[in-house]
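First to last, the sequence lines map onto chains A, B, C and D.
Each residue of the first sequence is one higher than the one before, counting from 0 in numbering that gives the first Met the number 0.
Each residue of the second sequence is one higher than the one before, counting from 0 in numbering that gives the first Met the number 0.
Each residue of the third sequence is one higher than the one before, counting from 0 in numbering that gives the first Met the number 0.
Each residue of the fourth sequence is one higher than the one before, counting from 0 in numbering that gives the first Met the number 0.
Hints are computed from structural coordinates only; laboratory data are not their basis.
Keep in mind the model is a prediction, meaning the values are calculated, not measured.
Be aware that a few hints might be false.
Cβ pair distances, simulated, as ranges [said to hold, decoys possible]:
id, chain 1, residue 1, chain 2, residue 2, range
1, D, 186, C, 10, 38 to 46 Å
2, A, 199, C, 188, 37 to 45 Å
3, D, 80, C, 93, 25 to 33 Å
4, A, 199, C, 438, 51 to 59 Å
5, A, 563, B, 244, 39 to 47 Å
6, B, 277, A, 207, 46 to 54 Å
7, C, 17, D, 186, 31 to 39 Å
8, C, 10, D, 70, 29 to 37 Å
9, C, 135, D, 89, 31 to 39 Å
From the three backbone atoms N, C-alpha and C, an ideal C-beta is built for every residue, glycine too.
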Amino acid sequence: MLSIFLVFGAIFLFCISGLQAYLFSPQSQTGQKITVVLMMLGAFAGISGVALVIASPDAVSMNIPWTLPWSRFSVKIDHLGCVFLLPVFIVPALGSIYAIGYWNQKLHPENGQRLGAFFGLLAGSMALLVIAHDSVLFMIAWEVMAISAFFAATVEDDSLQVRHAGLVYLIATHIGTMFLLAMFALWRYTTGSFELNPMQSDSSAVAGTLFILAVIGFGFKAGLMPLHVWLPGAHANAPSHVSAVMSAVMLKMGIYGIVRMTSLFPSVELWWGGMLVIIGAVTGIAGIAFAIGQQDIKRILAYSSIENIGIILLGLGCALVGKYYGSVSIMAIALGGTLLHVWNHSIFKSLLFMNAGAVIHAVHSRDIEMMGGLGKRMPLTMLLFVTGAVAICALPPLNGFISEWLIYIGFFQTLDVGNTRSFTAIPLGVVALAAIGPLAIACFVKMLGTVFLGNERSSGSGHAHDPSLSMLIPMSALVALCLFIGLFPIIPLNIIRNAVFVWIGQSALELPLSMTISLGWISWISAALLLSAAGLLLLFKNKLWRKTDKKIETWSCGYSAPTRKMQYSGSSFGDSIVKLLRFMLQPSDHEPKNSLYFPKKSSFKTGVPDTVLDKLVLPVFHLAGHYFPMVRVFQRGHIHMYVLYILIIVLVLFVLGR
Amino acid sequence: MIEIALHVLLLLVMPPFLLGVINKTKAWFGGRKGVPFLQVYYDIFKLFRKGMVFSVTTTWIFRVGPLVTITVLLIAGLLIPMGSFNAPISFTGDLILFAYLFGLSRFFTTAAALDTGSSFEGMGAAREVTFACFSEPALFFAFLVLAKISGTLSLTPMLHGPLNEYSAIVAAPLVLIAIGVFIVLLAESCRIPVDDPNTHLELTMIHEVMVLDHSGPLFGVITYASSIKLFVLSALLLHIMLPFQLDQVWLNWILFVVEMVGIAVIIGVTESVMARLQLLHIPYLLISALLFCAFGFILLIR
Amino acid sequence: MAYLLIFFPILIAAAATFVKSNRMRPVLLPIAAVPHCVLTYMVVFNSKLAFTANWLTLDPPGKIVLLLVSTLFLFCSFYAVPYLRYRSERENRIFVVCLLSFLGAMSLVTWAHHLGLMWVAIEATTLVTAPLIYFNHTRLCIEAMWKFLLIGSVGIALALLGTFFIAYSSLHAGLGATLTYESLVQNAPLLSKIWLHAAFILLLVGYGTKMGLAPMHTWKPDAYGESPGLVGAIFAGATTSCAFLAFLRIYHICVAAGEFAYISKLLLFMGFFSMATAALFMIRQRDLKRMLAYSSIEHMGILIIGLGIGVPALYGTLLHVITNGLTKGVLFLSVGNIHRAFGSKNTDQVHGALRLLPLSGALFLAGFLAITGSPPFGPFVSEFTIITGIFGSRHFFSGALFLILLCVVFIGMGVTVLNAVQGNTPVEVKEKVTFRDSIQTGAPVVALMVIVLVLGIYIPAPLRDLINEAVKYLGGQ
Amino acid sequence: MTNVLNALLVIILMLNLFTLGTSRIQSIIRTVAIQGILIGLLPLVAHEHVGWAAILASVVAIAVKGFNAVHDVSHALRDAQIKREVEPLIGLLPSIILGALATVFALLFTSQMPLANENLSKLIVPSSIATILVGFILLTTRFKALTQVIGYLILENGIFIFGVLLMEAMPMVIEMGVLLDLFVGIFVSCIIISKINQSFSTMDTRILSSLKE
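For reference, chain A alone in the conformation it holds in the complex (with noise of 0.2 Å):
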């Protein structure tokens, strides 16, 4: 009980972090200040009520009576809704600190306020959606959380683009409720309550709607691939730490609901996983080529959230896999693997947001092509991406390794369970994800080099220099965390592996004891691989950092003159994957069109927009605003018309009665 009262001091702390900077003017900084020690002693009091409740063997709840019709105040928190729970805990914390330099109230007197406030709405709707068990109550945080979400991201509103993007965003989740309304109306009409308990009748048509509804409305917030046409735009436009929150927790929330619902129903059908496992294929290899097409730093992290999204949900679709056939190990391997991606994502996804705000901060501008070699005037900010870009890339020795190394396993397992033809599909899984490790060391090889290496390409870059200490001290943190996830998998394992056991249905049992063992060997190699190096490093450290007094450029192969222009760019690094995957990506190329003899200025601008929104949605929607009000005609003002229409419905519905 006392876990429920800390968690829910947590959500009202949050709540109210920002709304309190109402009272002081928009130009101090003391309303800030306050949100910060407030959302401190949120996440303080919520991960001690969710350690509580680790701690304990099995879930807390409560639930009293409430007036709003057929439904109940009831919360639940189970093992499951904690691993959701901390992310949501820790990053808009840290978040909070980080927009003290980034979003400095003094610097933003009109709509620094609203941002605090709606900031901590978010949070604090995130935290109860999750403790939420009965579906009303869901429904309301899920809504608020979306809200707030538009709020917080469309404070420049005075901004075309922000606004465009707000709208998008606003549509797209505002659907996605539509289909969760459906199937939270369907799933009172199948199990009588809007609690969320798990199914006893196995109605298995009514659950494969229910299952798709899931997806689908919960795959709007998650971003899977078709539906994701919200969240580069949301993502980019919105403040950085805002988008950090957004990506790292809030598209969560989206998985979450899918967790959560699968895990109510007693038997599942093998297509379950296999559109998972399609779906998420099609999602982390789409959303990681799109990634290396773009030029918009922000856009680039968007996509590739879309990218570890779909390895999520691939993960997922493995688990289901693994239920339909009852293997144990292939459940626990791969949702274990899953929700351990889950957090490393809202970890180094967020530290990645972070470190793009910082950049944004320092060169005003998200294009890439204008920046370069800050990696010199701001050598702390590098280490922190190189760090997150290695953890994103599952690289060992960081955290991303160990939830794709779990997700492969788990993969590699489904080839020995059940030799039914309709199965060997699902181990393709392994080959989606191999495909996607490649395409994400592009991606981030790309940005790393476009951003921080080689020269600046712009003088906007001139004058950047490390940000603040407030938004260091949050990104260290989250470093932190990739290296001890990282380095000691076994300890966060632990705590997930109960989650998965409320998923899977059955009382604790271990671990495969051979997924110890390795698990125990990586992370020896892991410290081997970072000892080895650093001492490599030492050894030839005074050879590697030898002060010279001459100053010698690149290397041109030959060419005298070497200007900072002819630098390899981004997009032309991106160059030669887009064009394999040109069939998907469908990239822009403005060639110019240079005259044989005297050639005249010409420019070249190429970029991937984003196939689906662009070429799909909106020329759907334009259509529909252009062809839908000619209902218009029939109301021209003529009051003759009018009174005619009275007469027609009368006789209408007398022979309608008929």
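Following the hints, position chains B, C and D against chain A.
Frame of chain A; chains B, C and D shown alone:
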């Protein structure tokens, strides 16, 4: 214990020799006498004695890159079994670690290349990451086949799988993935027809062009590292191509060395008889490798 | 009690005709509204007072509507004082008088238990509201008033015919022609089916015209668009609810007559037709008030659908009467402020309301979210209950259609609202703006918004019991 | 009595057609006045025993329908200074035919509806429906605001005819209320007409179409 010692010894000492063998083979085919077998060793030692030059553009990434690469490849070498012997380190799922260690090395190599700000190295890096997008899935297809055959997820027993049961059912898939992995090997260790290690036209190079700016010991490290890469991948290929062992344990070491040299010769021959592919056609070659492995898997699973 | 509730406002209205000062007269509105509201709460939550005469009885549905009408009118009256003071250039005698007698007429509707009397009351509301539309004295006002009066009267005339048909159906059943509600409900099974069906259709069209169901809605955008936001609030919040109550009585008779199967399909048809019409007309709608008018049409459609679904959705429907009414109040009052400030209600001129009028803009935005059924506001609860009712009664196709239409409405409305609220205020507006958010024009709207919010997360037990009572009364279990 | 009743109803139907047939607004008004008076007489002849209620009803009805309303309308007409309804939506002859068709339709329609007490005339229901439809025709095909008000009057007349069937159902108060509403309604609409006339200086409702989508 003795096995481990031998393993490490071979891993550290033998790789440059393979390069020597390859060069010798190519020289013979060219009707030349060719550089001595140990030339690569001489080069590496010479480089280690030299000083280093650093462009003002570069940052620590440029310096760290090669060191990380060699560390990573040595660890990868510890994961791969040599011939019929077990690898020093072997646990369930180490194959994924093996593959991702290569990824790590790729990350830092390409990053170091971009660090110089030279467009040539940028091109090299771009090609490197692009081709990896095909070679890694191919590798994992191969792993799928091996895992299905051996029923384990650890490199050592997995690669010994063909050794134990080289039946007719698995023969066809094994041949297919052997071809696939061989192409991957050529691509990863930048050999003809994918890349030409000793041309001086920067535009045609992938790996060599990425390290244009490295000099002295660092360049030595890089050369050494690439030879280790070749060694490790050949050792992997070995199990698929020639899964033989003799009943005399110590003979197996000899056998392994011989087989490795054999593979080096094969590579040399391939390099001599083939011409370098046009850059735009390399993806098709790699896709074919991918398809070989995929067919292998489908053949096995059906 | 009934007489008090009905004639007290009319008395004040009579007094208002004698008040000379144009500035003091509006003060009479709260003077009438506050006691009326107090009395209402006394009546509603103390059932002993609910019976006055055979023709004047306050049954649970009537209580619900009376509650809504009186509450909404209270806040509107507080809003009206500063508003009319701001518009002091206009002579407001007729306005105030009509507004007050309007309150009386609406109270009569809620009390009337005789269909004829109820008809008279409804017609009376039509007649007294017509002058309210004319407040701005523009040509457009005249046009709107004319359309409102003519279409309204025709519809109401059909309703009268329908009422006669009901009477005739009972006459035909040999019960002697009666129009008293109780006897009709008691003897409903005996009524002549054919005449009852005809009566139902005529009354659906007739009172539907007052509610503003498509295609009888044509007067609505014009009237709402041209009248002050204050009037729009009362129109969309109270009048439509009264008309709905009137129709609810007919519905009750038909259900009691065991004709649910017959009326259900007609109701669903009308409901979805209204929702679809409203949705289509909201797309690319640039006039804020007209947009709200269509939103009101849409919600009347939702209510009718709720009736068409029957008992499973009745609770939600009756709750939706309240939530929709109050939210409409918020929307119209805030949009009235925006209209005053920008001197326009068209999104070609109106941008960045949040920057010019932080309070009204925010309220308008919140009201928009509320009316489109987003938690944690009242309409979400009612709409969600209706949706669960639809699915619960196995109308899966209707449920899907319902959700799709809600979505279209949201998109259409959202584009317009965000366009008006976000962005930068046009410069020419910014320099010549005279109207600012003030505590007088803001507080009533805020209060309404708070109620809407509270209803979204906590429905007071008395209210819930009242609604359950009404559901039981209307033949629920 | 029934014969008288039938005669009255037939005359009323004739008058309907005549209103459709003429274009001079003055004569339309007169016709409606006569119709109103005749309808006012109906309660007296409809039932055997003529109670004071019936008398009062008929008196008030005649007062409202026959005189007051007509007075209002013709007053408005005087302000407007228009003589005739020019170019209606459909010509006069077509509208007469339409009216005839409406009457036939009404007869067919009501032949399916079961009637209550047989001793009353069978013509009441059909003629009321027919009159209502004629009112609709006027409302939808005429453009002058005045004519539309007259159309509304005829509509009300039709409903009143039906009301005759239920004399005892309707308590006096309600009856009076209905008529009062009609009285006020006509009064208000005539005010609006004059306002229209002032500000648009015409009575053609086609120019009242600036409010539209």
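Cross-check of the supplied hints:
{"no.": "1", "hint": "186(D) <-> 10(C): 38 to 46 Å", "in the structure": "23 Å, violated"}
{"no.": "2", "hint": "199(A) <-> 188(C): 37 to 45 Å", "in the structure": "41 Å, holds"}
{"no.": "3", "hint": "80(D) <-> 93(C): 25 to 33 Å", "in the structure": "27 Å, holds"}
{"no.": "4", "hint": "199(A) <-> 438(C): 51 to 59 Å", "in the structure": "56 Å, holds"}
{"no.": "5", "hint": "563(A) <-> 244(B): 39 to 47 Å", "in the structure": "58 Å, violated"}
{"no.": "6", "hint": "277(B) <-> 207(A): 46 to 54 Å", "in the structure": "51 Å, holds"}
{"no.": "7", "hint": "17(C) <-> 186(D): 31 to 39 Å", "in the structure": "22 Å, violated"}
{"no.": "8", "hint": "10(C) <-> 70(D): 29 to 37 Å", "in the structure": "31 Å, holds"}
{"no.": "9", "hint": "135(C) <-> 89(D): 31 to 39 Å", "in the structure": "36 Å, holds"}
Hint violations for this structure: numbers 1, 5 and 7, all remaining hints satisfied.
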